[in-house]
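Peer 1: From first to last, the protein sequence lines stand for chains C and P. Just so it is clear: in the first sequence, position 32 is 30 by the numbering used here, and no numbers are missing. With positions in the second sequence counted from 1, the corresponding number in the numbering used here is that position plus 149.
I should point out that these hints are in silico values taken from the structure, not numbers from a laboratory. Backbone N, C-alpha and C define an ideal beta-carbon position, used for all residues, glycine too. It cannot be assumed that every hint is accurate.
As the list claims (entries may be wrong) - If you want a taste of the chain C side facing chain P, the calculated C-beta under 10 Å gives, among others:
1. G40
2. R42
3. A90
4. E104
Unchecked claim - For lysine-lysine, the following PhoX-like pairs were computed, each having C-alpha atoms within a straight-line distance of at most 20 Å:
5. K69(C) x K55(C)
6. K217(P) x K198(P)
7. K63(C) x K15(C)
8. K251(P) x K63(C)
9. K251(P) x K69(C)
10. K55(C) x K67(C)
11. K210(P) x K198(P)
12. K251(P) x K55(C)
13. K198(P) x K251(P)
Residues per chain are reported as follows:
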Amino acid sequence: EAQVTQNPRYLITVTGKKLTVTCSQNMNHEYMSWYRQDPGLGLRQIYYSMNVEVTDKGDVPEGYKVSRKEKRNFPLILESPSPNQTSLYFCASSFDGGGGELFFGEGSRLTVL
Amino acid sequence: AQSVTQPDIHITVSEGASLELRCNYSYGATPYLFWYVQSPGQGLQLLLKYFSGDTLVQGIKGFEAEFKRSQSSFNLRKPSVHWSDAAEYFCAVGVVRGTASKLTFGTGTRLQVTL
Chain C
-1 EAQVTQNPRY LITVTGKKLT VTCSQNMNHE YMSWYRQDPG LGLRQIYYSM
49 NVEVTDKGDV PEGYKVSRKE KRNFPLILES PSPNQTSLYF CASSFDGGGG
99 ELFFGEGSRL TVL
Chain P
150 AQSVTQPDIH ITVSEGASLE LRCNYSYGAT PYLFWYVQSP GQGLQLLLKY
200 FSGDTLVQGI KGFEAEFKRS QSSFNLRKPS VHWSDAAEYF CAVGVVRGTA
250 SKLTFGTGTR LQVTL
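Construct the complete structure from the given sequences, taking the supplied hints into account.
Peer 2: Here it is, written out as structure tokens:
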């Protein structure tokens, strides 16, 4: 089954404790992206990747890191989480980025205390 | 830079009534246009998309959208709403420039359906 898988789905952590949210897709998509969803703000792009070893900032990259060492994986790293990073995070992938259909994971709800 | 406006935060319609969700975009040329739906606790699913050609686009679940260049709009419509259509709907604008690509989402419209 074609899918985008994120883990963990739910996480409660404390300020400053590094964490990684994993994302994996099995559709051989070139493009992958991370979004955060906050009430009243819709989805805002954090980082995206056009291909392996190619990443770029989205609209709200501060406090986040990503890497794209393999085509299928695109982890989101929070080196020192802060309470303002409490949010619902979505990973998505597509064949061709801004022009193509995005396939979304089910989301990861992160709470930073 | 492109932007998307969904002026209605929340809409309530009766089951069986018609629906129109508004979307306006700002971009210098014709972008790629999308509508996504998010059911509670789920990720987003594509309803339909417009790239070029016929300005009336048909999607899944009986939805359609019309691109109007003169109004910079891409409104979503459904002739008869079902209770299962209750969800949040997002309009999105996609721009591809060379090797760079960006998809910008609106803030969403939450649809409530009364029986």
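Peer 1: Against this structure, judge whether each hint is valid.
Peer 2: Verification of the supplied hints:
Evaluation of the G40(C) hint against chain P yields a held restraint, the C-beta minimum of about 4 Å falling below 10 Å. Because the closest C-beta pair between R42(C) and chain P is about 8 Å apart, less than 10 Å, the hint holds. Satisfaction of the interface hint for A90(C) is found here, the shortest Cβ-Cβ separation to chain P being roughly 8 Å, below the 10 Å cut-off. Hint status for E104(C): holds, given a least beta-carbon distance of 5 Å to chain P, under 10 Å.
Under the criterion of a C-alpha separation no larger than 20 Å, the hint pairing K69(C) with K55(C) is consistent with the structure, at around 18 Å. Between K217(P) and K198(P), the direct Cα distance comes to roughly 14 Å. Compliance with the 20 Å bound is thereby established for this hinted pair. About 14 Å separates the Cα atoms of K63(C) and K15(C), which keeps this hinted pair within 20 Å; it holds. In summary, the hint linking K251(P) to K63(C) is supported, as the alpha carbons are separated by about 18 Å, within the 20 Å threshold.
Straight-line distance between C-alpha atoms of K251(P) and K69(C) comes to about 19 Å, which keeps the hinted pair within the 20 Å bound. For the hint linking K55(C) to K67(C), the alpha-carbon distance of about 17 Å falls within 20 Å, and the restraint holds. Between the alpha carbons of K210(P) and K198(P) the distance comes to roughly 14 Å, so the proposed pair stays at or under 20 Å and holds. As the CA atoms of K251(P) and K55(C) are separated by approximately 10 Å, the hinted pair is consistent with the 20 Å bound.
Under the criterion of a C-alpha separation no larger than 20 Å, the hint pairing K198(P) with K251(P) is consistent with the structure, at around 15 Å.
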